[in-house]
Amino acid sequence: MSGLSTLLGKEIREILRTSRIYVIPGLFLFFGLTSPLLTKLMPELLKSFGGSAGGIEILIPPQTAVDAFAQFFKNLTQVGILAVILTTMGAVADEKTRGTVLLVVTKPVARVSVVVAKFLAGVLVVVFGTALGYVAALYYTIQLFPGVPVAASLRAATVFAVYVVFIVALTVWASTVMRSQVAAAGVALAGFVTAGILPSLSPVLARWTPGGLVGLTGRMFAANASLGDAGETIAVSLVVSFLLVAAAGWSLGRQEL
Amino acid sequence: MRPLTTGDVPGRDLALAVETRGLGKRFQGVDAVTSLDLRVPSGSVFGFLGPNGAGKTTTIRMLLGLARPSSGEAFLLGEPAGPASAARRRIGFLPDVPAFYGWMKAGEYLEFAGRLFGMERQAIRRRTAELLEFTGLAGVKTRISGFSRGMKQRLGLAQALINQPDLLILDEPTSALDPLGRREVLEAIKALRVTTTVFFSTHILADVERVCDRVAILDHGHLVAEETIAGLKARYSRPAFRLRLEAGTTEFAAALRGLDWVEKVELAGDELRILVSDAEAGKVAIPGLIAQRGLALARFEVSEPTLEDVFVKVVGEA
Numbered sequence: 133m134s135g136l137s138t139l140l141g142k143e144i145r146e147i148l149r150t151s152r153i154y155v156i157p158g159l160f161l162f163f164g165l166t167s168p169l170l171t172k173l174m175p176e177l178l179k180s181f182g183g184s185a186g187g188i189e190i191l192i193p194p195q196t197a198v199d200a201f202a203q204f205f206k207n208l209t210q211v212g213i214l215a216v217i218l219t220t221m222g223a224v225a226d227e228k229t230r231g232t233v234l235l236v237v238t239k240p241v242a243r244v245s246v247v248v249a250k251f252l253a254g255v256l257v258v259v260f261g262t263a264l265g266y267v268a269a270l271y272y273t274i275q276l277f278p279g280v281p282v283a284a285s286l287r288a289a290t291v292f293a294v295y296v297v298f299i300v301a302l303t304v305w306a307s308t309v310m311r312s313q314v315a316a317a318g319v320a321l322a323g324f325v326t327a328g329i330l331p332s333l334s335p336v337l338a339r340w341t342p343g344g345l346v347g348l349t350g351r352m353f354a355a356n357a358s359l360g361d362a363g364e365t366i367a368v369s370l371v372v373s374f375l376l377v378a379a380a381g382w383s384l385g386r387q388e389l
Numbered sequence: 009m010r011p012l013t014t015g016d017v018p019g020r021d022l023a024l025a026v027e028t029r030g031l032g033k034r035f036q037g038v039d040a041v042t043s044l045d046l047r048v049p050s051g052s053v054f055g056f057l058g059p060n061g062a063g064k065t066t067t068i069r070m071l072l073g074l075a076r077p078s079s080g081e082a083f084l085l086g087e088p089a090g091p092a093s094a095a096r097r098r099i100g101f102l103p104d105v106p107a108f109y110g111w112m113k114a115g116e117y118l119e120f121a122g123r124l125f126g127m128e129r130q131a132i133r134r135r136t137a138e139l140l141e142f143t144g145l146a147g148v149k150t151r152i153s154g155f156s157r158g159m160k161q162r163l164g165l166a167q168a169l170i171n172q173p174d175l176l177i178l179d180e181p182t183s184a185l186d187p188l189g190r191r192e193v194l195e196a197i198k199a200l201r202v203t204t205t206v207f208f209s210t211h212i213l214a215d216v217e218r219v220c221d222r223v224a225i226l227d228h229g230h231l232v233a234e235e236t237i238a239g240l241k242a243r244y245s246r247p248a249f250r251l252r253l254e255a256g257t258t259e260f261a262a263a264l265r266g267l268d269w270v271e272k273v274e275l276a277g278d279e280l281r282i283l284v285s286d287a288e289a290g291k292v293a294i295p296g297l298i299a300q301r302g303l304a305l306a307r308f309e310v311s312e313p314t315l316e317d318v319f320v321k322v323v324g325e326a
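Chains A and B, in that order, give the protein sequences.
Take 133 as the starting number for the first sequence in the working numbering and just add one per residue.
Take 9 as the starting number for the second sequence in the working numbering and just add one per residue.
Okay, chain A solo, but in the shape it has when bound:
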């Protein structure tokens, strides 16, 4: 994969020198900071809402640290994933549209390196963002709730990280096979929605498709849960991610630019 280290270095510098470094890590950090706080304040907020809405009594069980993490991962798997798709959709498509890729692929560079560099740079951003958001969520949860399940939350964060890596691979693939950013976003969103629907169709699909990871983040908090419970789904997701990147590399190698 000639040129990979140079291209990856360029991608990392680009992320650092443009606003991209602030978007995903910033958003994930925001969720990390606000999810525990909102969870803590939710009963009070609902009570005041109920009071002003004509005396409706709302019964809310006491909020726990697990609820705080559930809120955090819910935000990540919905808005967070959408943000990842929107910030990654132009990865390759934008280079093709603007023509910057021409001066790269006419040099002694393997075209697959272009795709792999985009994927790895995307992975670095989302993993860093996940770690940042998780640390913030953990810190605030410890501050606001008793009995924080640190090990379980770390397992859930790991499961989510694998899921978001799959989303990056899916979006980079879409960005490579499609001609425009908008088309790439459409294909990636369709993939994201499909990945979300498949686990609800059967337990087998929940276990053996990447979308199953979303449900597994919650299940990591169950008693006696271990990362091994998500082993098959993690393995499948990583294999699918690899195949998506390989398919993107193959596609770019055959494309007219």
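Treat the hints with caution; some may be incorrect.
[As the list claims (entries may be wrong)] Here are some of the chain A residues that sit facing chain B, going by a computed Cβ distance under 7 Å: (1) 135; (2) 138; (3) 142; (4) 229; (5) 239; (6) 240; (7) 241; (8) 354; (9) 356; (10) 388.
[What the hints assert, rightly or not] Straight-line C-alpha distance at most 25 Å; calculated DSS-like pairs for lysine-lysine: (11) 228(A) to 113(B); (12) 291(B) to 272(B); (13) 149(B) to 113(B); (14) 160(B) to 228(A).
I should point out that these hints are in silico values taken from the structure, not numbers from a laboratory.
Cβ coordinates follow ideal geometry from the N, Cα and C atoms, glycine included.
Go by the hints and put chain B onto chain A.
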């Protein structure tokens, strides 16, 4: 632009730098390039001419592996052309509208390009400094996003030269430049001919006359001529005269147009350019006609054929 040091040329063979055999490209049922047989000798400055839409850029894209040929094959520096061609290590390429990463500065981009060629860090630094001087971009501190089109074109030329290529492929390299910038790029191309084969497409015929040894003319995807400029002129140019009259130029032009041996009469300002089929007849008859009509002659000369005449004739006949 400052003079540029060029690489040494040990053991350079005299093989063809670019060769195509029956190369063709078909887009949605239309032949953009048809059965193209090109032979570009190493060490030449080769002009690739043609009107807009003739297939020049498509040919270059096929040579560089950016488009798949529908038929035929191509070789660069003896290596098969294509997306993974081994020849890419020895080639420099400047597209007609080069696009860069706007957040980089010129020096950064050149270093990036050097690393893609696998050059040593020290060699990249040395070459980058040299090329920034050469293209007049040394000392430019702004990011590429703030560059004018001419500056981008000059940076494009610099990145194409970072690896001291054996073959430089330029697609319309002077089209975005002002007259001074154009002259500098053409001088640079002239200087490179010692070590580098230059293959460049253009529709600016004056540029071709200035620097090229050989030309190929493409029209509607077909190769209609390929030879030296002198050879083309000898083969295709027609005798021509330039004259200026004190008065009655328009009427005289109209009278000339009716004569058998006059092929074309062009009126540019107060000057007439007359293309004839028989030079000797023209030399005798034109002054005779002027005298016969009692017109006062201000200027009369036998005109040198231009590449434009050749181009118009070749493309017109094709």
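_Minimum beta-carbon distance criterion (7 Å), residue 138(A) to chain B_ = Since the shortest Cβ distance to chain B is 4 Å, the answer is holds.
*Should the interface hint for residue 135(A) be scored as holding, given a Cβ-Cβ cut-off of 7 Å against chain B?*
Cβ of residue 135(A) sits 5 Å from chain B, so the hint holds.
*25 Å limit on alpha-carbon distance, applied to hinted pair residue 149(B) and residue 113(B)*: At roughly 7 Å apart (the allowed maximum being 25 Å), residue 113(B) and residue 149(B) satisfy the hint.
_Minimum beta-carbon distance criterion (7 Å), residue 241(A) to chain B_ = holds (5 Å)
*asked:* residue 240(A) was flagged as interface toward chain B. Is the shortest Cβ-Cβ separation under 7 Å?
replied: holds (5 Å)
*Taking the closest Cβ pair, is residue 229(A) under 7 Å from chain B?*
violated (9 Å)
*At a threshold of 7 Å, is the proposed contact between residue 239(A) and chain B supported by beta-carbon distances?*
holds (4 Å)
*Return the status of the interface hint for residue 388(A): holds when the least beta-carbon distance to chain B is below 7 Å, violated otherwise.*
For residue 388(A), the interface hint holds, since the closest Cβ of chain B sits about 5 Å away, which is under 7 Å.
_Can you verify the interface hint for residue 356(A): is its Cβ closer than 7 Å to any Cβ in chain B?_
Since chain B brings no Cβ nearer than about 50 Å to residue 356(A), farther than 7 Å, the hint is violated.
*Hinted pair residue 228(A) and residue 113(B), Cα distance within 25 Å*: holds (21 Å)
_Minimum beta-carbon distance criterion (7 Å), residue 354(A) to chain B_ = violated (46 Å)
*When the nearest CB of chain B is found for residue 142(A), is that gap smaller than 7 Å?*
holds (6 Å)
Violated hints for the displayed structure, listed by number in ascending order: 4, 8, 9.
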